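> Please arrange chain F on chain W, whose structure you already have, making use of the hints.
The primary structure of each chain is shown beneath.
2 protein chains.
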Amino acid sequence: MTSQKRGRQSFLLTEPPVITHWASIAGKKESQGPLSHTFDLTSQDPYFGQKTWEQAEKSMQQKALNKLAEKAHKKIQDFSLVFSGDLLNQCIGSSFSLRNTGIPHLGLYGACSTMAESLLLASMAVGGGFTEDAVAMTSSHFASSERQYRFPLGYGGQRTPTSQWTVTGSGAALVCKTGNGPRIRGCTIGTVCDLGIQDANNMGCAMAPAALATIKAHFQDTGRTPADYDLIVTGDLGQLGKEALLELARLDGLALGGKLTDCGTLVFDNTVQDVHAGGSGCGCSGIVLCGYLLSRLNTGKLKNILFCGTGALLSPTSTQQGLPIPGVCHAVWIQGGKE
Amino acid sequence: MTSQKRGRQSFLLTEPPVITHWASIAGKKESQGPLSHTFDLTSQDPYFGQKTWEQAEKSMQQKALNKLAEKAHKKIQDFSLVFSGDLLNQCIGSSFSLRNTGIPHLGLYGACSTMAESLLLASMAVGGGFTEDAVAMTSSHFASSERQYRFPLGYGGQRTPTSQWTVTGSGAALVCKTGNGPRIRGCTIGTVCDLGIQDANNMGCAMAPAALATIKAHFQDTGRTPADYDLIVTGDLGQLGKEALLELARLDGLALGGKLTDCGTLVFDNTVQDVHAGGSGCGCSGIVLCGYLLSRLNTGKLKNILFCGTGALLSPTSTQQGLPIPGVCHAVWIQGGKE
Numbered sequence: 001m002t003s004q005k006r007g008r009q010s011f012l013l014t015e016p017p018v019i020t021h022w023a024s025i026a027g028k029k030e031s032q033g034p035l036s037h038t039f040d041l042t043s044q045d046p047y048f049g050q051k052t053w054e055q056a057e058k059s060m061q062q063k064a065l066n067k068l069a070e071k072a073h074k075k076i077q078d079f080s081l082v083f084s085g086d087l088l089n090q091c092i093g094s095s096f097s098l099r100n101t102g103i104p105h106l107g108l109y110g111a112c113s114t115m116a117e118s119l120l121l122a123s124m125a126v127g128g129g130f131t132e133d134a135v136a137m138t139s140s141h142f143a144s145s146e147r148q149y150r151f152p153l154g155y156g157g158q159r160t161p162t163s164q165w166t167v168t169g170s171g172a173a174l175v176c177k178t179g180n181g182p183r184i185r186g187c188t189i190g191t192v193c194d195l196g197i198q199d200a201n202n203m204g205c206a207m208a209p210a211a212l213a214t215i216k217a218h219f220q221d222t223g224r225t226p227a228d229y230d231l232i233v234t235g236d237l238g239q240l241g242k243e244a245l246l247e248l249a250r251l252d253g254l255a256l257g258g259k260l261t262d263c264g265t266l267v268f269d270n271t272v273q274d275v276h277a278g279g280s281g282c283g284c285s286g287i288v289l290c291g292y293l294l295s296r297l298n299t300g301k302l303k304n305i306l307f308c309g310t311g312a313l314l315s316p317t318s319t320q321q322g323l324p325i326p327g328v329c330h331a332v333w334i335q336g337g338k339e
Numbered sequence: 001m002t003s004q005k006r007g008r009q010s011f012l013l014t015e016p017p018v019i020t021h022w023a024s025i026a027g028k029k030e031s032q033g034p035l036s037h038t039f040d041l042t043s044q045d046p047y048f049g050q051k052t053w054e055q056a057e058k059s060m061q062q063k064a065l066n067k068l069a070e071k072a073h074k075k076i077q078d079f080s081l082v083f084s085g086d087l088l089n090q091c092i093g094s095s096f097s098l099r100n101t102g103i104p105h106l107g108l109y110g111a112c113s114t115m116a117e118s119l120l121l122a123s124m125a126v127g128g129g130f131t132e133d134a135v136a137m138t139s140s141h142f143a144s145s146e147r148q149y150r151f152p153l154g155y156g157g158q159r160t161p162t163s164q165w166t167v168t169g170s171g172a173a174l175v176c177k178t179g180n181g182p183r184i185r186g187c188t189i190g191t192v193c194d195l196g197i198q199d200a201n202n203m204g205c206a207m208a209p210a211a212l213a214t215i216k217a218h219f220q221d222t223g224r225t226p227a228d229y230d231l232i233v234t235g236d237l238g239q240l241g242k243e244a245l246l247e248l249a250r251l252d253g254l255a256l257g258g259k260l261t262d263c264g265t266l267v268f269d270n271t272v273q274d275v276h277a278g279g280s281g282c283g284c285s286g287i288v289l290c291g292y293l294l295s296r297l298n299t300g301k302l303k304n305i306l307f308c309g310t311g312a313l314l315s316p317t318s319t320q321q322g323l324p325i326p327g328v329c330h331a332v333w334i335q336g337g338k339e
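Chains as they are written, first to last, in the numbering used here: chain W, 1 to 339; chain F, 1 to 339.
Keep in mind the hints are simulated off the structure, nothing from the lab. Careful, some of the hints might be misleading.
Quick list of in silico lysine-lysine cross-link-like pairs, DSS-like style, CA-CA up to 30 Å [as the list claims (entries may be wrong)]: (1) K303/F to K259/F; (2) K75/W to K5/F; (3) K75/F to K5/W; (4) K177/W to K5/W; (5) K74/W to K5/F.
No experiment lies behind these values; they were computed from the predicted model shown.
Chain W on its own, in the form it takes in the complex (with noise of 0.2 Å):
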């Protein structure tokens, strides 16, 4: 048996698939923030050489493979699968980075939650035998994703104080049988919850009921406990999500005792770079992830940490039809390569 269901929502992997490399792309305003060491490549070209915010977008998911691929010194083509989705209408994103790649490819959309959905994907068809190798991956990108939510840029229009900042970045993740690296060891699959938040410029609040949600499962499901984590890191709740993720749990009687952090606090300095409520966005958690916290989980910084990625399932038209916005978290617990 490659795995041993765990509760209604859990998943134990007994034997975990590894995360062997990763790679980061990350834009401008990323590279000005904390974590700009911990990324593969930046770019200062918010184009990233291409003719439109879209195909930028393409070309991030393009580089985050590429640069994959070289870490991991195979061909783009050794692939033998990719998970992988993001923002755009009909994640455009993702299906143009692999056209007539020959990769086999399974479009994802979970929103801000796709690179743990992507992840957990992965782990289940390398844990299972379905593939030696896949690839979680995913972006994201502010101009691209401004005019598409919101407004087009040149309208110069005024984000209020509990809006996110998109992060414009792509994240890939290699998960294999064997090898060595961070180990996926559980996953636990989101429900989607909507307690009627309206507001489609305070994601955080909306996406914070389906974190305590996963993460409860998470804890009722597998018998672990927040002392079992060195983080559990949401992503991404922004500043304002995961101040509601913290007064919820403790309304909740969950003591996260102190170890909730989240992407979108992570990657901006919010006192100098001025996001309002934090990052946001699929690129969010892919870049932190495939940054900073697979790093430092490989150096054995990090021994356990409960990766839960947020995803707030709107669009533009349920918005303007007047319709809450339901969300949705996918936790995936990693271990770090030393013990």
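Showing chain F alone in chain W's frame:
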């Protein structure tokens, strides 16, 4: 070992998961077509009792899930996992249908290949022991698709002769570890193919190369041949895409031996329903599989089919930017319940 990887893109399931139940919900035009008698529920109200087309799509998925639960003598809360996706931006049909149900959910984007993609992932999740059961579900709606991809219906735009008619419907299939019903014997994961077709009103031809690539890979990887199948069912190339696939296969020396049919040509009677090149949309292969095909497999009228979901991975933005239309196709080998 629960699975055997075969070749570059395929795997076989050594303990084949069983599709124990299936449900299909269809709209008015579909209820007037030749497969009308195979659907569980049809509605003459295109809004399905909701205020918007998008919410109608949510409602269709809810009805499909409820019907599936009813047929399986379960409550929907008993389902362990749902893989689903749709054509709406940010897949709001899928996420809104599962709000606050407490069912673990993994969201997909594979355009019209989603029924096959969700079935493939459900077979991985069940076959690998990660869950006891999983639902594969999808939907599409003519009116929500027209206004999102093309023009609002009120504009009265003329459809081109090569265009396909998006099916209004939702299909859901329950994949279990054990039970009675058609079994999933193997899957072939598609690659993103792009031969440069730029006409967004001729998606059948844009997807045909991807269908050929996956069908070829399936035969190459598994050693099986068209003679091993009663039907090779693409969904949804439509009339023109099906002809393009036959021609591409002929040029490639692959004889499909008269086994090819297509969900887009099965679901409507083009001689009286005026749908131009046939049906399309995630719901097209969804309701043809979860209505007509699985019933025939279950009664033994079909013994083995290769169900090949085809998706056009374009977005209105990529089309407006003058980009070609990438296609993808995932194939699932389903064996009839009675031998």
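> Determine for every hint whether it applies to the structure shown.
Verification of the supplied hints:
no., hint, verdict
1, K303/F to K259/F, "13 Å, holds"
2, K75/W to K5/F, "20 Å, holds"
3, K75/F to K5/W, "20 Å, holds"
4, K177/W to K5/W, "19 Å, holds"
5, K74/W to K5/F, "20 Å, holds"
The structure meets every hint from the earlier list without exception.
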